[in-house]
Amino acid sequence: MLNNHQVIDKCLKLLSQGLYPYVEQKMRLVYGNQWLTQAGQCLSPDTNLKRTTEESLQQDISSLLSVMTKRWDKAFKDKERLSNTERAFASEIIQIRNKWAHNTPFSTEDAYRAIDSIYRLLQAIEAEEAQEVEKYKQKIFQALVQEQNRSQKRTQQLSTQEIRIKERLAVILNDIPFEDVTLLERSLTHRSYAYENRINKDNEQLEFLGDCILGFLAGAYIYEQYGDISEGELSKLKERLVDNPQLAKLANQLNLGQWLLLGKGEKSQDGSKKESLLSNTFEAIIGAYYLDSGIQAVQEIVYPLFASVGEDKIPENISLENLENAKGLLQQYAQKNGFDIPEYTTIQETGTDHNKEFTVQVEIGGQICGQGKGKRKKDAEKQAAANALEKLRVH
Numbered sequence: 001m002l003n004n005h006q007v008i009d010k011c012l013k014l015l016s017q018g019l020y021p022y023v024e025q026k027m028r029l030v031y032g033n034q035w036l037t038q039a040g041q042c043l044s045p046d047t048n049l050k051r052t053t054e055e056s057l058q059q060d061i062s063s064l065l066s067v068m069t070k071r072w073d074k075a076f077k078d079k080e081r082l083s084n085t086e087r088a089f090a091s092e093i094i095q096i097r098n099k100w101a102h103n104t105p106f107s108t109e110d111a112y113r114a115i116d117s118i119y120r121l122l123q124a125i126e127a128e129e130a131q132e133v134e135k136y137k138q139k140i141f142q143a144l145v146q147e148q149n150r151s152q153k154r155t156q157q158l159s160t161q162e163i164r165i166k167e168r169l170a171v172i173l174n175d176i177p178f179e180d181v182t183l184l185e186r187s188l189t190h191r192s193y194a195y196e197n198r199i200n201k202d203n204e205q206l207e208f209l210g211d212c213i214l215g216f217l218a219g220a221y222i223y224e225q226y227g228d229i230s231e232g233e234l235s236k237l238k239e240r241l242v243d244n245p246q247l248a249k250l251a252n253q254l255n256l257g258q259w260l261l262l263g264k265g266e267k268s269q270d271g272s273k274k275e276s277l278l279s280n281t282f283e284a285i286i287g288a289y290y291l292d293s294g295i296q297a298v299q300e301i302v303y304p305l306f307a308s309v310g311e312d313k314i315p316e317n318i319s320l321e322n323l324e325n326a327k328g329l330l331q332q333y334a335q336k337n338g339f340d341i342p343e344y345t346t347i348q349e350t351g352t353d354h355n356k357e358f359t360v361q362v363e364i365g366g367q368i369c370g371q372g373k374g375k376r377k378k379d380a381e382k383q384a385a386a387n388a389l390e391k392l393r394v395h
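Residue numbers (the working numbering): 1 to 395.
A few of these clues could be false.
What the hints assert, rightly or not - Quick list of simulated restraints, FRET-style, between CB atoms:
#1 P105 <-> T345: 44 to 54 Å
#2 A297 <-> Q123: 36 to 46 Å
#3 V30 <-> P177: 47 to 57 Å
Keep in mind the hints are simulated off the structure, nothing from the lab. Beta carbons are placed, not taken as given, at the ideal position from N, Cα and C, and that holds for glycine.
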């Protein structure tokens, strides 16, 4: 069965077949044997780089439509057959063709409107291809009616439970637009709540699924961002991105703790604030959203969250009290994030020969990120590295 994009492809080809002889006829009536020259003037210079004007008109529907719209008043305007309505159809179909050429998705409603415009233009010029296009139009119309019926049926069948869930979880639904809200509620249902309320399903299986999906997407994200570092470093970055503390941070960004369904015991112990529980819930949400909307939709949600975590920053647990390792830590940061080693530059040297003070700045990736002073250049460099680490630290 053809998808909407393929149906539009076939209809555009039928339009090209029916429109070419009509355009040639109308242009010849006005320009005679010079009609191809006049038509070529309507096309962009790039169009005729590899093809003749005639080949462009035969092979590219947008070329035919451009000639029609640009020579409308002189060659195509016809009170009996073609009015400004048909001119509008021609302009609209140029946009349709461009969307098609760029593989822009067409909803069934968009496809129906596109094919209807193609049909109307072919009908106006009395091309026999209009009959074939009408068949596609009817098929798309049937599909559109079926979609609308399904949507209407779904709306009518919304249960009291679903309405209640939508109202209660409206804030989350603004961030993660679930179609099946019961999946969302299940992802927020801790086993303690399910046990106390005799509910068959909790979020543990969804947690397992979400863990797998997050591992995959985190790996893809890290590879895309830092693909030029070693496998070992990539693995470390990935682990940091999906460990419990980080996932708990992501859960807090979505305020998931506020919506958790917990048993009385878990609730009394502030379970909604526990790092492990928040991490597990985030995994369950991701697993549920994957089942609901697919991997692409999940990626669109988690990639911005991954970016916001600050995985490219210096971890909080680095101690700067001992400056001996500051330069090493800064170099490690630079290499982990795909930069060359830090560059240290002496920007000022003051004092006498026996009492000098050096001021050094450090750059990473061409950006100044720290500055330090010391009696020796090495000491100033360590201070500059420590200053850079402080600026890069996640607070």
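Hints not upheld, ascending by number: Those not satisfied: there are none.
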